[in-house]
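Number of protein chains: 2
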Amino acid sequence: MTPTIGVFDSGFGGLTVLRALVARFPHARFVFLGDTARLPYGSKSRRTIARYAAQSAQFLVNQQGAEFLVIACNTASALALDAIQEAVTVPVLGVIEPGAAAARAASRTGDVLVIATDATVQSHAYSAACRAQGLRALEKACPLLVPLVEEGWTGPSVSGTAGGASAPPQMAVTAEVIRIYLAELTAEAAAEGLNPDTLVLGCTHYPLLRPLIERAVPAGMRVIDSAEATADVVARRFGPQEAEKHSPAAQLRCFATDSVEKFERLGSRFLNRPTGKVELVDLGG
Amino acid sequence: MTPTIGVFDSGFGGLTVLRALVARFPHARFVFLGDTARLPYGSKSRRTIARYAAQSAQFLVNQQGAEFLVIACNTASALALDAIQEAVTVPVLGVIEPGAAAARAASRTGDVLVIATDATVQSHAYSAACRAQGLRALEKACPLLVPLVEEGWTGPSVSGTAGGASAPPQMAVTAEVIRIYLAELTAEAAAEGLNPDTLVLGCTHYPLLRPLIERAVPAGMRVIDSAEATADVVARRFGPQEAEKHSPAAQLRCFATDSVEKFERLGSRFLNRPTGKVELVDLGG
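Chains A and B, in that order, are what the protein sequence lines are. Residue numbers for the first sequence, in the numbering used here: 1279 to 1563. Residue numbers for the second sequence, in the numbering used here: 1279 to 1563.
So here's chain A without its partners, still in its complex pose:
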């Protein structure tokens, strides 16, 4: 029996984790909360992040009946997992350890690269999680990738382009930005004597860039998506969900603390289906 799964993010990027979970549990009940009024978490102190994340977790568990909680936010996973686990009585899973564990399973050389936001890199949470898995990790902040995803410059369906087989100029920009970042990162890895064979996508926005990133990495390099890795851990925990006759489709309720319009507009691309009506919730200051 799959429990009601609560998914929390500071914004709506965590919808890529929800998408990966829905693919594995197509008949479960999900509640998602984006604390959009108080983002970005990345520039705030650990104490403030812990307070916000604990409030958000309590909303999902105490008011929405979540029986299992996924923290689909790298910053909160890095800085507030303990605080969230103390704040609620249900099991809590972050995105960083599953990403590191999947990297260990994928890597033969033991050297991995991690791309993420500035805040996640500064926390060095992926380095620490990789070290705990016996891996050496080199992290790089790629601050342009989130705004490129939010602009929709990720594929041939961006606005203002004719579509078709040729890459529109917007997608070419994103591909070039990825090429520059990866060239800098692999050059730095070589300078440090690393021999990386695995790249971890350490930001919940990056799954939307996966096709472009896979084209840009050196031949033979594996790409690990923390969102997929996290959903795999949940799937292993609860086993495959068997569809009974007349099983209902996954039920999904999305909440946000602000910016419902942007959430609904961009969220469906992250979730790969409509978010439905996003409900506004006030968690206080």
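In short, the hints are calculated from the structure, not lab data. Take the hints with a grain of salt, since some may be wrong.
Identical chains blur together in the list; that is why a pair holds if it fits in one copy or across any two.
What the hints assert, rightly or not - In silico SDA-like links for lysine to any residue, alpha-carbon gap of 20 Å or less:
1. Lys1540 x Val1424
2. Lys1418 x Glu1454
3. Lys1418 x Asp1360
4. Lys1418 x Thr1464
Got chain A sorted already, so can you dock chain B onto it with the hints?
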């Protein structure tokens, strides 16, 4: 006699306005406050922005002795100028009206384009200010430009490049992003029957992109920088500052409510000289 000039922004982009002011008043005393703990203002309600901006203005006036206040923040200028004027007893100038007035002086067709952040465009403050000047304005949000500036992908001195005469790939990306945005904007202007001859840079980060933007606009189009236009208004108000014998150089104190490290690291590029030690100040929640 030039007064002590207080300059306020939600972040450090307003340092481009301070730079323009220092160029005109090389012997004045300046105090700058970046409310970095509470940015971005753009996603917050008008009431919250008004409260934050009023607190910040009172700090500059009551605690730092500012006798004239420049709101070097488009969002606060658009949404909180009245609230700031009520909160302090000194004259207050925003960046939007000077930008619109400079556009009127520059434009012969009466049609102008405005590029800005998403929040500034959504406020339609430039449209309103241009309309008050008898201009028709078409605004466009360019969300990638601020992160490109903050990454330093604006010129040949970015890290990881050999420099020299050829444009590094990072600068080529920024030039291409500008080309795409301006192509979309001029196509939209043509579709609406406008004949624009002036482009207003409605974001305090954009002066760092001015050389690239000037290369990208259609021949004959004037580029108006709100930061320069605002400093011009202040200069006209107080007249040219005459250097007396042994006049001291401009005195400058910078305050921030958080993220002093990023402020010091990036701020000197915006200010075109070192910010000096940025002092942390707590304005409360």
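> Which holds for Lys1418 with Glu1454 at a C-alpha limit of 20 Å: within a copy, between copies, both or neither?
Replying inline: within (16 Å within a copy, 24 Å between copies)
> 20 Å Cα cut-off: does Lys1540 pair with Val1424 within a copy, between copies, both or neither?
Replying inline: both (14 Å within a copy, 19 Å between copies)
> 20 Å Cα cut-off: does Lys1418 pair with Thr1464 within a copy, between copies, both or neither?
Replying inline: within (10 Å within a copy, 36 Å between copies)
>> One pair to classify: Lys1418 and Asp1360, alpha carbons no more than 20 Å apart. Within, between, both, or neither?
In response: neither (25 Å within a copy, 43 Å between copies)
Violation of the numbered hints given earlier is confined to hint 3; every other hint is satisfied by the structure.
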